[in-house]
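The primary structure of each chain is shown beneath.
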Amino acid sequence: MSAAHQEFATKWGLVIDIDKCTGCGACMVACQTENNIAPEQDASNKLRTLTWMNVYELKNGKEFPQAEVAFLPRPCMQCGNPSCVPVCPVVATDKNEDGGIVSQIYPRCIGCRYCMAACPYHSRYFGWFDPVWPEGMEKTITPFTSTRPRGVVEKCHFCHHRWNQAKDAARIAGKDPNNLPDGAYKPACVEVCPTGAMAFGDLKNPKHKVYELSRSKYAFRLLERLGTDPQVYYMTKRDWVRRQGDNYLPNEKA
Amino acid sequence: MSFIEAEKNWYPEGVSRCGLGKFLGWLTILAAVLAFGVVAALFIFIFGIGVTGMDNYFGFGLWITFDLAVIALGAGAFFTGLLRYIIRIDELKDIINLAVIIGFICYSGAMLILTMDIGQPVRAWFGYWHPNVHSMLTEVIFCITCYLTVLIIEVVPLIFEQKQLNKIPLLHHIAHNFHVVMPLFAGLGAFLSTFHQGSLGGMYGVLFARPYAFREGFFIWPWTFFLFVLSAIASGPCMTVLVCALMEKMTGRQLTTYRVKSLMAKIGGTMLLIYMVMKYLDTWAWITNLLPKAGLTFDQMFYGMIYGKWLMFLELVVCILVPVIFLLVPALRRRPAFMYWACILNCLGIIINRYVFTVQTIAFPVMPFDSWMTYAPNWAEWATTCMILAYGGIIMSLAYRYLPLFPQEVRLNK
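Line order of the protein sequences matches chains A and B. Here the first sequence stands for residues 1 to 254, numbered as in the numbering used here. Here the second sequence stands for residues 1001 to 1414, numbered as in the numbering used here.
Simulated from the structure, these hints should not be mistaken for lab results. Predicted model, so just to flag it, every value in this text is computed and none were measured. Glycine included, C-beta positions come from ideal geometry on N, C-alpha and C. Just so you know, not all the hints are guaranteed correct.
Stated by the list, open to error - Some chain A residues flagged as far from chain B (calculated, every beta-carbon gap over 10 Å):
#1 K20
#2 G183
#3 K209
Stated by the list, open to error - Cross-link-like lysine to aspartate or glutamate pairs, in silico, EDC-like; alpha carbons within 20 Å at most:
#4 B:K1293 - A:E252
#5 B:K1293 - A:D246
#6 B:K1293 - A:D229
#7 A:K46 - B:D1370
#8 A:K62 - B:D1370
#9 A:K59 - B:D1370
Model the full structure from these sequences, guided by the hints.
This is the structure in structure tokens:
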């Protein structure tokens, strides 16, 4: 619907096979620890959590024995035409040539939450409270990711720091840091997934697994017709799951 | 001379006011509400906006609704200024001071709320330092602060015209010279205000991933840009009439003629008619074009009682069509009950409009497997919102008591 699409030479993308995902939540935990997300004081309030990676439960709405369940992990979609970027009044969030990853500059964010209002995937999270690490637990904070104060919006960035590390490793090995081999750069969620439901790589590089996967006839993206052009693809052979991936009208074919 | 006697010398020439004790009693009630709001504001500043009722689904809530509503209702200031100083409708000189004070209260109040509403208040100036020219909010930030400055410039001569202050030659001359250049500021105010009223609408219209609010449009502006401008200039004059009527009721004095109020109401009604035509066309295009394109139906936009269709019916029919008839049929407008009810409905309609664009827009589950969420503001949001209302009440009370707001007051109460 909007025509502000941006295209770059490298396009990091995630392909998630919903038929393989068991909903174990390992990706959520890996994301939290990798990105220094402090434990919540009241973790029972799911509407105040900082879950950059969230696993949704999908149901086909039928009774037993036809009842089926699927799990849909939802990171930031790193949209090609992000709804969040043009609305930010202070350019705290941007879509740039860094592999098409939508960035978030925490020290720039004023906390107006306009990006949250714009994002239909709820993939942006606001720091409602000061992050507090229980005594001793502060030792788990990784130096590779910044911690955030309360009052700013945070989001998944495909563990961007891991890309920097992969580029450094390539430079040390005398290889081209801008042409990384498949698997040289993986976000924490992909690395930890026990069923191998997640694949990550350059969607434009034919040598990367995601190149083929994203072009599969079983691949689809969330809310495609809104025109956000996500860099996260889902795969499923189940028609009812695909119907829940976008707002199909009753008489429409998924 | 006692203080009570001395205080009387501060009243505008030839008017009478209630006793100082009664006035202080009234101020104390307002101050109590204000103080409770200040406590809530301190909570918010110390512990963060996690103390409010907002959450990850509702990043926008009561405060944004309140901001949008008061800024629309405060539009009487710039629109009346435009009509008085640029279009030269001289009759409006009898109510322009009130409109300017209401505008000042609404805009400064909205700014005060915003200091709490952003997660990092000390970074508020980033809006000027790192502006994103593509963001409608940037335009709002620039226009709203520039316009507040214009409003302050418009209020200053009114303050300097206070009987005792005006005896000071410097202040007298400043007030006089500001009056001379007032058409310039009226024009500037109208320009700035039109753009930020529009941008407030544009803020929602550009949310292309939020089908409840998204609108296609004209050039870089979605339709909501123009709808917000029109609805603001339709409700602003009616809000001014209502405040004037409320002040007359509370003080027991006639402050302007019914003719002036009726003229303001007629202007509001005319603008509301234009808005009605545009809004109905916009709603039709949204239902028949935009929603099917997003794979959605009209019925999916509503949920239960809290986000029900009744709200839309109330906004579009009861609060637009009915007041248009009441305000534009002369026989009805001449009857106070019809005119005042029309003004109330007009203002209520704009509040509902701002509410649904803020809350219902983000409550709607765009992802099919997501669900409708509900939002209720908590004590901290209500207390700070009421704090702004009390702030407005205090400013208005002081302005009425000490400033020459109503040129007709002396003559009408002889």
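Evaluated hints:
Non-interface call for K20 of chain A relative to chain B: holds, since the shortest CB-CB distance, roughly 18 Å, exceeds 10 Å. Distance to chain B confirms G183 of chain A as a non-interface residue, since its nearest Cβ pair spans about 30 Å, more than 10 Å. Under the 10 Å C-beta cut-off, the non-interface status given to K209 of chain A relative to chain B holds; the minimum distance is some 26 Å. As the CA atoms of K1293 of chain B and E252 of chain A are separated by approximately 12 Å, the hinted pair is consistent with the 20 Å bound.
Among the hinted pairs, K1293 of chain B with D246 of chain A is consistent with the structure: their alpha-carbon atoms are about 12 Å apart, no more than 20 Å. With a C-alpha separation of about 16 Å, the suggested pairing of K1293 of chain B with D229 of chain A holds against the 20 Å cut-off. At roughly 14 Å between alpha-carbon atoms, K46 of chain A and D1370 of chain B fall within 20 Å of each other, so this suggested pair holds. At roughly 17 Å between alpha-carbon atoms, K62 of chain A and D1370 of chain B fall within 20 Å of each other, so this suggested pair holds.
Taken as a hint, the K59 of chain A and D1370 of chain B pair is honoured in the structure, with Cα atoms around 11 Å apart against an allowance of 20 Å.
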